[in-house]
Every structure is written in structure tokens, then in C-alpha cells.
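Engineer: Below are the chains, spelled out letter by letter.
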Amino acid sequence: MTDVITPPLTGNGIRGPEVIEAAPHHDHHEEHGPTGVLKWLTSTDHKVIGMSYMITSLVLFYIAGIMALVMRLQLSSPHASLVSFAQYNELFTMHGSLMLYLFAGPFAFGGLANYIVPLQVGAPDMAFPRLNALSYWLYLTGSITMMMGFLVAGGAASFGWVAYAPLSNATNSPGLGGDIWIMALILTGFSAIFTGVNLVATIFYLRAPGMTMFRMPIFTWNMLVTAILILIAFPVLTSALIMLFCDRHFGTHIFSVQGGGSPILWQNLFWFFGHPEVYILALPYFGIVTEVIPVFSRKPVFGYKGMVFATLSIAALSTGVWAHHMFTTGLVLLPFFSLLSLLIAVPTGIKFFNWIGTMWRGQIHFSAAMLFSIGFLFAFLMGGVTGVMLAAPPIDFFTHDTYFVVAHFHQVLFGTAVFAGFSGLYYWYPKFFGRMLREHLGKWHFWLMFIGFWVTFMPQYVVGLLGMPRRVATYPSYLGWQSYNIISTVGAFIIAASFAVLLWNLWISWRKPEISGNNPWDAHTLEWFTTSPPPHHNYSHLPPIRSERPTWDYNHPDAPAIGHGEGRAPSNSEKAVVSS
Amino acid sequence: MDVWRDARHTDPAPAGVSEAPLSASSRAARRGLVGRIAKHANGTPRRWIPLAVLAPIVLAGCQLPDFGAYKGATSQGQDAFKLWQGFFVAGIVVGGFVLSLIIWAVFRYRRRRHNQDLPRQTQYRHRIEILYTVLPLLVVAGLFTFTVITENEVDAVPRSQVTIDVTAFQWGWQFYYPATGKVVVGQTLQEPQMVMPVNEAVTIHLESADVVHGFYVPAFDFSRYAQPGTVNVFNFNVLHSGVYRGQCTQLCGLYHSLMLFSVKAVSPADFETWVHQTSGHHPSIGQLKAQIHAQGPGA
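Residue numbers (my numbering), protein chains in the order written: chain L, 18 to 597; chain C, 567 to 865.
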């Protein structure tokens with residue numbers, strides 16, 4: 018990192034000529050209140066809460082990953098009896114629930130967004146700090162509740178993370194496991210809604226002077242759009258869960274045919290949540306990639322405004338595509354949902370070209386964070402192309418509920434939540450702690466994971482096309498599916514090895530710290546202007562904000578963005594740099 | 567969970583692989599990647615690679631490989647299969663283009679050690695941005711057109727002579743022939759067999775007795791949910807006689823993994839003979855469900 022320019026400014030130290038006061042009352046001593054465990058329990062600081070979110074969700078990620086390994090071992094042979102049918106159904110239900118509801122979402126909008134968004138907009142904290150704390154404690158309570166499912170008689174919920182009616186009713190899934198699952202999701206659902214409210218309020222009302230909407234970093238933009246999608250989608254899920262609970266316990270027949278209800282209503286409600294949810298899980302990670310790629314290419318985001326409009330289009334379209342999960346029900350208007358689903362490829366394509374355009378003629382530095390973002394591009398491209406195939410109902414008819422779909426959504430979600438998510442971890446770790454994660458271990462982590470990713474999921478496409486359904490604990494031994502499953506299992510263990518490297522990296526980087534300085538990456542956005550880690554109220558001073566790269570502008574006054582945006586035309590000194 | 571050892575009878579040819587019309591080479595191809603490579607090595611070595619990339623529209627699906635999917639043993643399945651080929655080629659072309667741009671950018675524009683100058687800080691190039699917004703829209707319009715055409719063919723339900731009422735239940739299938747009252751019913755590894763005539767439109771009425779199931783015949787390139795309270799209607803025109811394996815695809819509870827069935831396509835004459843034979847004594851769905859709850863799944 019020696020060749021990276023360190024900014025001439027530490028938050029409380031030297032003041033540049035144009036630095037403005039953030040807020041006068043922050044000049045008193047920052048560290049007050051409780052310390053240690055009590056600080057973590059009582060804090061309303063967005064940074065402490067964000068860190069709690071990240072640590073909790075990472076623990077759940079590892080637990081859900083171990084479940085995946087057990088399932089992969091079970092599938093490595095049609096004769097395996099590592100787990101029973103019932104245990105297998107519990108495992109994939111909990112794996113999906115943990116990964117989607119408790120890791121991928123909360124890690125991004127509870128963890129990273131909580132920590133980073135107030136810093137990026139120049140705010141001292143979230144708009145409602147105590148609501149923020151409530152969000153975290155609801156999330157933690159919900160997560161523990163979810164895990165408790167394994168301890169009750171009859172085991173955890175076993176109807177899949179989508180809980181299709183009428184399989185999820187009291188007749189077909191009796192026992193406490195299903196109820197605990199519903200309760201856990203209602204708790205974490207409220208947590209997500211509160212965080213959504215908080216993010217919207219923070220972004221709309223707490224931006225620093227000069228931070229106009231079109232000067233917000235793309236990460237903050239994406240978190241704003243994600244928060245709005247949360248407010249659209251999560252209340253629908255929570256309501257549907259309450260209806261399901263009433264069906265299970267209070268004798269209602271909302272989702273059962275016998276009482277005049279409609280099972281398909283559950284699918285409609287669930288996917289009306291579930292498809293925006295997919296983008297609630299994806300958009301924050303697009304945001305991370307859009308932070309990392311410019312910094313390590315030393316260029317501004319290419320097509321910044323196009324990127325914002327692409328995000329908005331994805332969000333708008335995502336509320337009208339839910340029934341592409343229901344093509345094989347025979348009960349939805351195929352052309353409408355097919356067209357809207359195909360159209361999502363357009364703004365997603367714009368994002369791809371913008372990411373490529375950002376790297377184009379840049380000076381790409383292959384840090385661990387950048388490698389993970391590039392890995393995301395490969396993974397998400399593959400997941401995106403197969404996603405377009407699935408948007409065509411006739412193709413979906415023969416791939417739906419097979420391993421083809423399993424491979425598709427793992428490539429999409431692994432590409433976003435894992436590749437991009439850990440890109441964000443490597444990128445912002447110095448911001449969190451003022452220390453570096455070991456870069457060489459990060460590269461080991463990346464390459465093992467990258468190889469394991471393809472080895473795991475590519476065979477699943479093939480075996481899915483051969484006809485292997487998802488959510489099966491065993492499969493006929495005479496169909497030749499085993500070889501693909503063995504390859505996939507080997508890949509899963511390569512991925513597991515990569516996460517062992519991450520654990521070692523976190524451990525050694527903590528035990529033998531390497532000081533990073535405030536801005537080790539020569540980064541662009543406001544959060545890198547303050548100290549690393551940031552002081553209690555984030556900023557004592559702010560730079561002038563004239564573009565979406567205030568820290569870069571401050572450190573490189575002669576290198577503003579060029580184009581038709583807010584940047585000025587190239588100055589003479591800039592031209593000189595280019596021609597030399 | 568070693569249920570497969572006793573489940574299969576002596577017949578060495580597995581149900582799903584024994585379609586009569588398949589040649590030896592395509593049977594090898596069905597077995598997997600190795601077979602598929604061998605197939606191309608024997609026949610038209612590698613010719614499809616430039617063809618697939620250069621002339622997808624001209625080829626219109628006839629010279630293309632199967633890209634891992636079944637070719638479709640029904641006329642509806644063949645339509646779906648052609649759409650699959652088209653989407654796959656489009657995926658290779660578009661995905662390959664984007665992939666090569668990514669790889670080029672990553673390798674070409676990596677930081678050189680001696681160069682400390684900042685790159686040009688380009689942020690907007692409106693013409694190119696409009697280009698990569700409009701072109702994908704055109705691609706989507708094309709894909710959507712072919713999708714709708716295929717979808718209408720696959721979903722068409724013209725009048726047919728034969729109707730079969732299929733009822734899924736936890737965990738098995740019942741096939742009822744209303745014309746003669748013939749019934750075939752079985753649970754899990756009993757693998758009930760649906761008999762139907764070839765080269766003739768057959769209408770399936772599909773529903774469920776309890777939870778949502780998935781009626782999936784891989785070789786037909788088709789699946790449809792079996793749902794309680796709703797009857798799904800669709801047609802099959804099986805092109806070749808043979809036995810095709812089928813399986814439930816939608817999670818339906820404990821023994822979802824074992825909910826197998828098969829489809830046997832025979833000549834219309836044979837079908838008439840078969841469907842007029844009385845089915846004899848057979849258990850009801852309720853009895854089978856009670857049996858599986860009491861004794862577990864089994865043949």
C-alpha cells in the first residue's frame with residue numbers, strides 16, 4: 018500500500034483551506050458513557066450497532082454454511098444416510114432462512130449501511146438512534162428464535178424458506194418449529210422495516226451541506242432504494258405471516274381450500290415480498306461494488322447518473338415480476354411477468370457496462386477488495402444470463418424447481434452477498450478499525466472461493482437439466498447424477514476452506530495489527546475523510562462537497578471528473594497529466 | 567436412506583434412459599458430459615462452435631447442440647427445446663461479449679508500476695451510454711417475441727380424444743382415465759405408470775389431493791404444479807413410444823424425494839387395449855396415505 022497517496026488530513030488534525038465546521042458542539046471530548054460490554058449493550062451509536070449487525074450476521078452465515086456442507090455430503094451419494102428425510106428438510110429450510118433473512122439482508126442494510134451511510138452523507142448518526150438499537154435487538158432476538166427451532170420437539174421448520182401453503186399449515190406441518198419460524202421472521206421483519214425507516218430519514222434529512230442527491234455515493238443511493246423496497250415488501254411478508262399463523266392456530270382458512278380459502282394467495286403474497294426481497298439483497302451489494310471498482314481503478318464511477326436511474330428502474334420493475342416464480346402454477350399471466358422479468362436485464366446490463374466503463378483506461382490495483390468485486394462481475398454475469406433464460410416461461414417450465422434454478426440463484430446470491438459482501442468487508446475493514454486485513458490472506462480467500470464457486474455450482478446446472486429436482490435428500494442411483502453431485506460437494510468444501518482462511522485472517526489481523534492510516538486506498542467518498550476508526554460523532558470538520566467524491570476532490574484538486582456531469586472541464590494541469 | 571437398492575427391478579435399462587427412438591450415441595450423451603464430448607468427437611467435430619457463435623439466427627435451431635437439455639419427446643417439448651437453444655445462443659453471444667469486455671478491461675488496464683499519473687477522470691460518454699441502453703432493449707424485444715410464440719404453442723389445448731385425470735398426493739400419483747374408468751395409483755417407489763398413446767393429443771387434467779406438488783417429466787421438457795382446488799389443463803403429443811421417468815419437483819413434505827412416477831407411451835391400438843382392461847382391485851389415495859404414514863415409503 019506504499020504507493021497509495023495518504024490524504025493530508027486527519028479528522029481532528031490539520032485543516033485544509035476550505036474545510037468547514039461540521040457542528041460546533043462536537044468539540045468536547047468524544048469518549049463518554051459506558052465502555053466494554055456495557056457499551057455494546059447500551060449503545061445507540063450507528064457504528065457500534067452496525068458492527069453488532071455484521072458480527073451477528075457473519076456468525077449466522079458460518080452456521081448456515083455448515084448446514085450447506087452437511088447437505089452437500091448427504092447428496093454426494095444416493096445411498097448416504099448422514100441425515101434423515103425430516104432432518105434434510107429442516108436443514109435446507111434453515112439454510113435458506115438464515116442465508117436470506119438473517120445474513121444477506123441484515124449484513125448489508127443492518128451492518129454495512131448502518132455503519133457507512135451516515136458517514137457517507139456526513140451525518141453524526143442515524144436519524145433515530147434508539148430505533149436503530151431496537152432494530153438490532155429485534156434482529157438478534159429473531160435470529161436466536163429462529164435457531165431455537167432445532168431445540169423443540171418435532172424439529173425446526175421443514176417447509177422450505179418459502180413456506181408454501183398448504184404444506185405450511187397445522188395439518189401438514191404440525192409442531193412448534195413452524196410457529197417459531199413465523200415468529201422469528203415477524204421479529205426480524207420489523208427490524209428490517211425500522212432500519213428502512215431510519216435509512217430513508219437519514220438520507221433525506223441528515224445530509225451534510227452541499228451533499229445534494231446527485232452527489233450521494235452510489236452505495237448510499239442503493240441503500241436509499243433498498244430501504245424504500247423494504248418498506249414496500251416487508252409489511253406484505255409480515256402480514257402474510259400473521260395470516261399464516263392465524264390459519265395454523267385460530268381456525269381461519271385464508272390459505273386452505275377446505276374453508277374456502279386460496280393456497281395460491283400465499284404464493285402471490287409471499288413473492289410480492291420475495292421478488293423485491295431479491296433486490297433488497299442485491300442492490301446494497303451492487304452499491305459496494307460501485308464503491309470498490311472506482312477506487313481501485315482510480316477513476317470516477319462511469320455513467321453515475323445512469324447508474325442511479327438503473328437502480329431506480331430495477332426497483333420499480335422488481336415490484337412487478339413476482340409471478341415469474343409462479344409460471345408453472347398455470348394461474349398467472351405469463352407474457353406480462355415474462356416481459357417485466359426480461360426487462361430487468363436492461364438496467365442490470367447498464368450497470369455492467371458502467372462497471373466496465375469505470376475500469377476502462379483506469380489503473381486497476383488488484384487488492385483483495387477489488388478481486389472480490391471482479392469475482393462478483395463474473396459470478397453475477399453467469400447468474401444473470403441464466404436468469405434471462407428463466408424469465409421465458411417455456412424454459413422455466415422444465416427448469417423450475419430443478420437444480421438449474423438452485424445453481425442460478427446461488428450464483429446470483431453468492432455473487433452479490435458473498436463476493437460483493439466480502440469485497441465490502443476487505444474494503445471497509447480499515448475504516449472500521451484503523452487496521453488492515455492481511456492482503457495476501459485475502460487473496461488466498463478470494464482464489465479458493467472463486468474456484469470453489471464454479472466447481473460447486475456449474476455441475477448443478479447440468480444435473481438440473483438432466484432432471485434432478487431441488488430439495489431432495491436422495492436421488493435414484495441409476496440416473497448418473499452422482500458424479501455431478503460429487504463435484505459439487507468437492508466445490509463446497511473448497512469454499513469452506515476459503516472461509517477458514519478468512520477466519521485466520523480476521524484472527525491474525527486482530528492479534529498482530531497493521532496500522533492502515535485513515536485512507537489507505539486513496540478512496541473517494543466522505544467516510545474516508547474522517548479518522549479510521551471514526552470518532553464518536555463521526556466528523557469534526559467536513560471538506561467542501563462538490564461532487565460524489567469529496568475526499569478525492571480534496572486530495573486531488575486537479576483531477577475532477579470529466580463529462581457532462583457536475584465535474585468541470587479538464588483544467589490545464591489535468592491535460593498536462595494526461596498527455597505526459 | 568438406501569432406498570434405491572431394492573427399488574429397482576432387474577431391468578438394467580433405467581426408466582428415463584430407455585426411450586426407444588434414441589440412438590446409441592445420444593444415449594451416451596444423456597449419460598453426461600463425457601458422452602456429450604464423445605458425441606461431438608464422433609460426428610461433427612467442433613463444427614458447432616463457430617456456427618453457434620456466428621450464425622445463430624440463420625441456423626434457427628436446427629444444427630445446434632442440445633446444450634444439456636432434453637430434445638423434447640413431445641411436440642410441445644420440442645418447441646420449448648428450440649426456444650432453449652435460441653436463448654442459450656443469445657446467452658453465449660451477449661454473455662461472451664460482456665465477459666470479454668470485463669477480461670479485457672481487467673488485464674489491459676491493470677496498474678503499471680512505473681506509471682504514477684492519474685488516469686483520465688472520464689465520467690460520462692452519453693452516446694455510448696445510450697447505445698448500451700437501447701441495444702439491450704432490442705435484444706429483450708427479440709427474446710420476448712420468441713418467448714410468446716413458443717409459450718402459445720406449448721400451452722395450447724386443442725380438442726383431444728384422450729383425457730387423463732392426474733391427482734398428486736402425499737406421496738404418490740393417481741392416473742384416472744374417465745373414458746373407461748381405468749385407474750392406476752401408487753405411492754413413492756411403487757412408481758405408478760401413466761400409459762398414453764403416441765402421436766395423438768392427450769389432455770391432462772392435473773390437481774392435488776393435499777399440498778402443492780410438481781408434475782415433471784424431464785424428457786418432455788415440461789412441468790406444472792398440481793394444486794389443491796385448482797385443475798391445470800395441458801396437452802401432450804408424445805412423438806415416440808417409450809418409457810419416460812417423472813418426479814415431483816415441488817417440495818411436498820417428508821417423502822418428496824421419493825415421489826416418482828413414469829409415463830409409458832404406446833401405439834394407439836395398444837393403448838385402446840390397455841385402457842379397456844379393468845384395473846382390478848386398487849387402493850384408494852386415502853389408503854395409500856395411511857399406508858405410507860404407518861409403514862413408510864416402499865415398493
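Check before you lean on any hint, since a few could be wrong.
[What the hints assert, rightly or not] Chain C is nowhere near these chain L residues, computed Cβ spacing over 10 Å in every case:
(1) Leu58
(2) Met68
(3) Thr158
(4) Ile210
(5) Arg315
(6) Ala362
(7) Leu394
(8) Gly451
(9) His457
(10) Trp464
(11) Lys529
[Said to hold, decoys possible] Covered stretches of chain L (chain C as the covering partner; in silico rule of three or more C-beta atoms under 8 Å from a C-beta of chain C):
(12) 381 to 387
(13) 440 to 446
Keep in mind that the hints were calculated from the coordinates and are not lab data.
Every residue gets a Cβ at the ideal spot worked out from N, C-alpha and C, and that includes glycine.
Engineer: If a hint holds in the structure, say so; if it doesn't, say that too.
Structural biologist: Hint check:
In this structure Leu58/L is separated from chain C by more than 10 Å, as the shortest Cβ-Cβ distance comes to about 40 Å. Residue-level check passed: Met68/L sits 32 Å from the nearest beta carbon of chain C, beyond 10 Å. Every CB of chain C is more than 10 Å from the CB of Thr158/L (nearest about 28 Å), matching its label as outside the interface. Residue-level check passed: Ile210/L sits 28 Å from the nearest beta carbon of chain C, beyond 10 Å.
Annotated as non-interface, Arg315/L brings its C-beta within 10 Å of a C-beta of chain C; the closest such distance is 6 Å. Annotated as non-interface, Ala362/L brings its C-beta within 10 Å of a C-beta of chain C; the closest such distance is 6 Å. The non-interface label for Leu394/L is inconsistent with chain C: the shortest C-beta to C-beta separation is roughly 5 Å, within 10 Å. Annotated as non-interface, Gly451/L keeps its C-beta farther than 10 Å from every C-beta of chain C; the closest such distance is 25 Å.
For His457/L, the condition that its CB be more than 10 Å from all CB atoms of chain C holds, with the nearest at approximately 18 Å. Consistency note on Trp464/L: stated as away from chain C, and its beta-carbon is indeed over 10 Å from all of that chain's, at 15 Å minimum. Taking the minimum C-beta to C-beta distance to chain C, about 28 Å, the non-interface status of Lys529/L holds against the 10 Å cut. Three residues within the 8 Å Cβ limit are the bar, and the region 381 to 387 of chain L against chain C gives 3, so the coverage statement holds.
Taking a C-beta to C-beta cut-off of 8 Å, the region 440 to 446 of chain L contributes 0 residues in contact with chain C, too few for the three needed, and the coverage statement is violated.
Checked against the numbered hints above, the structure breaks hints 5, 6, 7 and 13 and satisfies the rest.
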